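Chemist: Okay, here's what each chain looks like letter by letter:
There are 2 protein chains.
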Amino acid sequence: MNSKVTIKDLAEAAGVSVTTVSQILNGKGERFSKKTQEKVITLRDQLHYVPDFNARNLILRSSRTIGVLVPNIGNPFFSTFFRGIQKVCRQAHYLPIVFSASNDETSEKYYLGNLVERSVDGLIISSSSVTADTIDSILKPNHIPYLLFDRNQTHDDGDRLQVDDYQGGQLAAEHLIKLGHQRMVAVFPENLTNNLEKRLHGFTDELKKAGIHFNPKTDIVNAPLTKLGGYEHADEVLSKKATAVFCANDELAIGLYRGLHEHGIKIPEELSVMGYDNIDLAEYVTPKLTTIEQPILKLGETSAQLILKRINDLNMERQLVDVPVKLVERESTARPHSYN
Amino acid sequence: MNSKVTIKDLAEAAGVSVTTVSQILNGKGERFSKKTQEKVITLRDQLHYVPDFNARNLILRSSRTIGVLVPNIGNPFFSTFFRGIQKVCRQAHYLPIVFSASNDETSEKYYLGNLVERSVDGLIISSSSVTADTIDSILKPNHIPYLLFDRNQTHDDGDRLQVDDYQGGQLAAEHLIKLGHQRMVAVFPENLTNNLEKRLHGFTDELKKAGIHFNPKTDIVNAPLTKLGGYEHADEVLSKKATAVFCANDELAIGLYRGLHEHGIKIPEELSVMGYDNIDLAEYVTPKLTTIEQPILKLGETSAQLILKRINDLNMERQLVDVPVKLVERESTARPHSYN
Numbered sequence: 001m002n003s004k005v006t007i008k009d010l011a012e013a014a015g016v017s018v019t020t021v022s023q024i025l026n027g028k029g030e031r032f033s034k035k036t037q038e039k040v041i042t043l044r045d046q047l048h049y050v051p052d053f054n055a056r057n058l059i060l061r062s063s064r065t066i067g068v069l070v071p072n073i074g075n076p077f078f079s080t081f082f083r084g085i086q087k088v089c090r091q092a093h094y095l096p097i098v099f100s101a102s103n104d105e106t107s108e109k110y111y112l113g114n115l116v117e118r119s120v121d122g123l124i125i126s127s128s129s130v131t132a133d134t135i136d137s138i139l140k141p142n143h144i145p146y147l148l149f150d151r152n153q154t155h156d157d158g159d160r161l162q163v164d165d166y167q168g169g170q171l172a173a174e175h176l177i178k179l180g181h182q183r184m185v186a187v188f189p190e191n192l193t194n195n196l197e198k199r200l201h202g203f204t205d206e207l208k209k210a211g212i213h214f215n216p217k218t219d220i221v222n223a224p225l226t227k228l229g230g231y232e233h234a235d236e237v238l239s240k241k242a243t244a245v246f247c248a249n250d251e252l253a254i255g256l257y258r259g260l261h262e263h264g265i266k267i268p269e270e271l272s273v274m275g276y277d278n279i280d281l282a283e284y285v286t287p288k289l290t291t292i293e294q295p296i297l298k299l300g301e302t303s304a305q306l307i308l309k310r311i312n313d314l315n316m317e318r319q320l321v322d323v324p325v326k327l328v329e330r331e332s333t334a335r336p337h338s339y340n
Numbered sequence: 001m002n003s004k005v006t007i008k009d010l011a012e013a014a015g016v017s018v019t020t021v022s023q024i025l026n027g028k029g030e031r032f033s034k035k036t037q038e039k040v041i042t043l044r045d046q047l048h049y050v051p052d053f054n055a056r057n058l059i060l061r062s063s064r065t066i067g068v069l070v071p072n073i074g075n076p077f078f079s080t081f082f083r084g085i086q087k088v089c090r091q092a093h094y095l096p097i098v099f100s101a102s103n104d105e106t107s108e109k110y111y112l113g114n115l116v117e118r119s120v121d122g123l124i125i126s127s128s129s130v131t132a133d134t135i136d137s138i139l140k141p142n143h144i145p146y147l148l149f150d151r152n153q154t155h156d157d158g159d160r161l162q163v164d165d166y167q168g169g170q171l172a173a174e175h176l177i178k179l180g181h182q183r184m185v186a187v188f189p190e191n192l193t194n195n196l197e198k199r200l201h202g203f204t205d206e207l208k209k210a211g212i213h214f215n216p217k218t219d220i221v222n223a224p225l226t227k228l229g230g231y232e233h234a235d236e237v238l239s240k241k242a243t244a245v246f247c248a249n250d251e252l253a254i255g256l257y258r259g260l261h262e263h264g265i266k267i268p269e270e271l272s273v274m275g276y277d278n279i280d281l282a283e284y285v286t287p288k289l290t291t292i293e294q295p296i297l298k299l300g301e302t303s304a305q306l307i308l309k310r311i312n313d314l315n316m317e318r319q320l321v322d323v324p325v326k327l328v329e330r331e332s333t334a335r336p337h338s339y340n
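For the record, the sequence lines run as chains A and B.
Going by the UniProt record's numbering, the residue at position 22 of the first sequence is 22; the numbering climbs one at a time, nothing skipped.
Going by the UniProt record's numbering, the residue at position 281 of the second sequence is 281; the numbering climbs one at a time, nothing skipped.
Just so you know, the hints here were simulated from the structure itself, not pulled from any lab data.
It cannot be assumed that every hint is accurate.
For identical chains, the list gives no copy identity; a pair is met inside one copy or between any two copies.
To be verified - With a straight-line cut-off of 25 Å between C-alpha atoms, the simulated SDA-like cross-links for lysine to any residue are: (1) K140 with V18; (2) K87 with L228; (3) K241 with M316; (4) K178 with L139; (5) K288 with H261; (6) K140 with T6; (7) K39 with T134; (8) K266 with A13; (9) K34 with V16; (10) K298 with T226; (11) K209 with S102; (12) K241 with Q162; (13) K140 with N194; (14) K140 with Q182.
Every value quoted in this text rests on a predicted model; they were computed, and no experiment measured them.
The following block holds chain A by itself, in its conformation from the complex:
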């Protein structure tokens, strides 16, 4: 519906053929006179001609596009992750396209199908609800390279960026145990993705090793990974009479802060709160949040690097990259109140 300046307009203005214009603009103009070359270049600038990508596209069979599917671009984790992807893609002259699918399987299928239709070159999928079925039915038959992130699918044989979630859970437990906590509760979503499952297992295994009682049936509060999720489950967390809470991510922990604050509970004096991710906001809440750091920007950059390498060589060996996590101790955790 646009009436863009076309290559034909440009050719007419220059008094040469479309082929001539095309070759000059594609850097293959040596066989034309300097004068003709200059005329075409000057007119391109004067007329603000932008080559039509779709036409070029059909020849290249590539849209130079990377699709990125995240559950929630409103979570600072994912906006930072995308910033890393954007940076690397730009250097490689690829365009990253992000979709926020709210963990809704229908939305995810819709966006994935749409991207495949548009000949996307590769996909970075970070989502808890993209099923193996979706991957098998949409991506594999169309031979679209993809990278699963934040899921650590064990049954998938593709490239993998592995964040050590098990170790992250262990570090959280170790920190709280060291402070002297004996009665802990974990706040995690009901349907665990593989990475969250590992995070939780690292945590519970470490408690077990230390001889601390933890009953997965009663000591886990189920809440969505959002600020609202944390806020709405503050009552339930308090009912567990724990001295420390391990939250599945920082957003959730920050929502829990609000609920605890409304109940007049002091953090960390009356309850220690621990997050996960180290989003930039973690330093801006009061008290500053103790958390497990994932190098988020770097994760985005590395994801983009892996998918670009794969696009350039579909047959190369499987890429496996391990990413470590670390404890960031701030002000939201302390010795349990019974010890004070």
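Assemble chain B onto chain A, guided by the hints.
Modeler: For chain B alone, kept in the frame of chain A given last:
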């Protein structure tokens, strides 16, 4: 570089011509036998054939894509704004593509040029640094419909979604004056976009009306619109010996909270803090932030509706939509300490 299932593969499998397949899949298969029609549809599903968008594209001359340019997708304001756009676009079967250009003019030109190359159907531009020159040199000559948001360009004659920033500034001043504040400071970025200029003018005009002294040269602290910007200028804000601060947006106010907290300053007892936007986070900080609400999700939805209408009718009359703002009083503002 992908080896997608093509229409040719499908035609071969069905034992019919490519044209036959194309017509059947495009709902124009009445002239073929029911059997042929069914065979093609069944094979399409079995082979997971997805029509090639780029090929279709050349015929339609439309990519069914809306480009969205924002300064910072990590600011919850813009992620919520984009969520609204995504919702409306999906209903209209358009794909919104978002870019976060960090208020960097080079990045913005890069992404805009890239989108024009890809035959984007329309653009929603919310950015402080896209210049009139960029618009005149890239968008206008290519006849790409665009909507400027969050800028309220007075010289632009295009469609406009007008948020009443002047009134927003007035409401902020009115609220602080009513509480009894006489000594106020404003925190705003150095280079003001048109909307921020109005916001600030509404604020200062209202102070003037009330006979309150405010010197724009000394009573404005310049800081970027980010949490870090607010945090790093806490010292300067405190040096002004004001009893209330009006921040240009909530992110900045939340950063300022941290700086004030580190100085041991109590909000609102020692200093009232007022934000702008009402991002969801405003309710999650302690104390909850008093702010001016923009209906962010609705702004995104309306932006998408306006641009889609324009795409469907390039010659329709100019669209002007006014969006009101309102005061949301929470816990970060109170009577000035000298009054207590």
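Chemist: A separate judgement is required for each hint: does it hold in the structure or not?
Modeler: Hints, verified against the model:
no., hint, in the structure
1, K140 with V18, "between (39 Å within a copy, 23 Å between copies)"
2, K87 with L228, "between (31 Å within a copy, 21 Å between copies)"
3, K241 with M316, "neither (53 Å within a copy, 64 Å between copies)"
4, K178 with L139, "neither (46 Å within a copy, 60 Å between copies)"
5, K288 with H261, "both (14 Å within a copy, 11 Å between copies)"
6, K140 with T6, "between (37 Å within a copy, 14 Å between copies)"
7, K39 with T134, "between (51 Å within a copy, 23 Å between copies)"
8, K266 with A13, "neither (74 Å within a copy, 69 Å between copies)"
9, K34 with V16, "within (14 Å within a copy, 51 Å between copies)"
10, K298 with T226, "both (23 Å within a copy, 21 Å between copies)"
11, K209 with S102, "neither (37 Å within a copy, 47 Å between copies)"
12, K241 with Q162, "neither (35 Å within a copy, 51 Å between copies)"
13, K140 with N194, "within (21 Å within a copy, 49 Å between copies)"
14, K140 with Q182, "neither (48 Å within a copy, 66 Å between copies)"
Going down the numbered hints, you'll see the structure goes against 3, 4, 8, 11, 12 and 14, while the others check out.
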